[in-house]
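Based on the hints, put chain F in the right spot on chain P.
If you're matching them up, the sequences are chains P and F in order.
With the numbering used here applied, the first sequence corresponds to residues 1 to 116, in that order.
With the numbering used here applied, the second sequence corresponds to residues 1 to 114, in that order.
Since the hints were made in silico from the structure, they are not lab data.
Careful: at least some of the hints might be erroneous.
Just the calculated beta-carbon pair ranges, DEER-fashion [said to hold, decoys possible]:
| id | chain 1 | residue 1 | chain 2 | residue 2 | range |
| --- | --- | --- | --- | --- | --- |
| 1 | P | Thr-114 | F | Ser-106 | 17 to 27 angstroms |
| 2 | F | Ser-80 | P | Lys-15 | 46 to 56 angstroms |
| 3 | F | Ser-9 | P | Gln-59 | 15 to 25 angstroms |
| 4 | F | Tyr-39 | P | Thr-114 | 17 to 27 angstroms |
Not everything, but these chain P residues come out facing chain F in the computed CB check (under 7 angstroms) [as the list claims (entries may be wrong)]:
| id | residue |
| --- | --- |
| 5 | Gly-42 |
| 6 | Ala-102 |
| 7 | Leu-105 |
| 8 | Phe-107 |
| 9 | Gly-108 |
| 10 | Ala-109 |
From the derived model, a few chain F residues whose C-beta atoms are all more than 12 angstroms from chain P [what the hints assert, rightly or not]:
| id | residue |
| --- | --- |
| 11 | Pro-12 |
| 12 | Glu-16 |
| 13 | Arg-22 |
| 14 | Thr-55 |
| 15 | Asn-61 |
| 16 | Pro-79 |
| 17 | Asp-85 |
Positions of the beta carbon are idealized from the N, C-alpha and C atoms, including for glycine.
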Amino acid sequence: EAGVAQSPRYKIIEKRQSVAFWCNPISGHATLYWYQQILGQGPKLLIQFQNNGVVDDSQLPKDRFSAERLKGVDSTLKIQPAKLEDSAVYLCASSSKTLSGANVLTFGAGSRLTVL
Amino acid sequence: AQSVTQLDSQVPVFEEAPVELRCNYSSSVSVYLFWYVQYPNQGLQLLLKYLSGSTLVESINGFEAEFNKSQTSFHLRKPSVHISDTAEYFCAVGMDTGRRALTFGSGTRLQVQP
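Isolated chain P, as found in the complex (with noise of 0.2 angstroms):
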């Protein structure tokens, strides 16, 4: 099966600039992750969605980054206006249930952004 799609591999802005990220999952499923991933530390979790709906976004510092996954597929992920703490490498995952409830993450390649 086609693994997790993200776009762009790399992005260069400088600071106040505004990008967009995209995550296409695997085929059928229901849950998408954006974790964000900053330089010699553990992926950090931003938004969940379960299909088209917010499952969590606690961690989303919303006055900057905005998410959203029209009709339960792709998934978008925005950050307007970008700070320099900002710069790391985007990880977009989804996930299916295993028969013991689990959910398993398969991640896509990422998207490592930095600010100047």
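Structure of chain F alone, referenced to chain P:
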């Protein structure tokens, strides 16, 4: 709330030597546990998982991890490492309600030297 602690940020080891990457977790409910591997400029790949049943789980490339509930640990081991095992390894925990996202540790960089 759940959390994951990876006790070593870097583990240098010689090729063909054994290795253990340590992971401890805290959670107020039953958990699922995962190890993911990340090669440079790539996303995370699932290495192995504990969902239920046998507490010893294995991957296809020789890694194994054992779920120890009393010690709240899920350490990753390999009896003989290869140069190609050089990567960042992340331990992750999910709650058995299954609805929430995984919480990741800060990662351990395994550096295999010839």
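Results of checking the hints against the structure:
Evaluation of the 17 to 27 angstroms hint for Thr-114 (chain P) and Ser-106 (chain F) yields a pass: the beta carbon distance comes to about 21 angstroms. Checked against the hint of 46 to 56 angstroms, the C-beta distance between Ser-80 (chain F) and Lys-15 (chain P) comes to roughly 47 angstroms, which is consistent with it. Hint check: Ser-9 (chain F) to Gln-59 (chain P), Cβ distance near 23 angstroms, so the stated range 15 to 25 angstroms holds. In this structure, Tyr-39 (chain F) and Thr-114 (chain P) meet the distance hint of 17 to 27 angstroms, their C-beta atoms being roughly 20 angstroms apart.
Hint status for Gly-42 (chain P): holds, given a least beta-carbon distance of 4 angstroms to chain F, under 7 angstroms. Because the smallest distance between the Cβ of Ala-102 (chain P) and any Cβ of chain F comes to about 4 angstroms, under 7 angstroms, the interface hint for this residue holds. For Leu-105 (chain P), the suggested interface contact is upheld, since its CB lies about 6 angstroms from the closest CB of chain F, less than 7 angstroms. Nearest Cβ of chain F to the Cβ of Phe-107 (chain P): about 4 angstroms, under the 7 angstroms cut. The hint holds.
At about 5 angstroms, the closest approach between the beta carbon of Gly-108 (chain P) and any beta carbon in chain F falls short of 7 angstroms, and the interface hint on this residue holds. The beta carbon of Ala-109 (chain P) comes within 5 angstroms of a beta carbon in chain F, closer than 7 angstroms, and the hint placing it at the interface holds. Every beta carbon of chain P lies more than 12 angstroms from that of Pro-12 (chain F), the smallest distance being close to 17 angstroms; the non-interface claim holds. Listed as outside the interface, Glu-16 (chain F) is consistent with that label: its C-beta sits roughly 28 angstroms from the nearest C-beta of chain P, beyond the 12 angstroms cut-off.
Every CB of chain P is more than 12 angstroms from the CB of Arg-22 (chain F) (nearest about 14 angstroms), matching its label as outside the interface. Every beta carbon of chain P lies more than 12 angstroms from that of Thr-55 (chain F), the smallest distance being close to 14 angstroms; the non-interface claim holds. At roughly 18 angstroms from the closest C-beta of chain P, the C-beta of Asn-61 (chain F) stays outside 12 angstroms, upholding its exclusion from the interface. With a closest Cβ-Cβ approach of about 26 angstroms to chain P, Pro-79 (chain F) is found to remain outside the 12 angstroms limit, as its non-interface label requires.
The beta carbon of Asp-85 (chain F) is kept farther than 12 angstroms from every beta carbon of chain P, the shortest such distance being approximately 19 angstroms.
Going down the numbered hints, you'll see the structure goes against none, and every one checks out.
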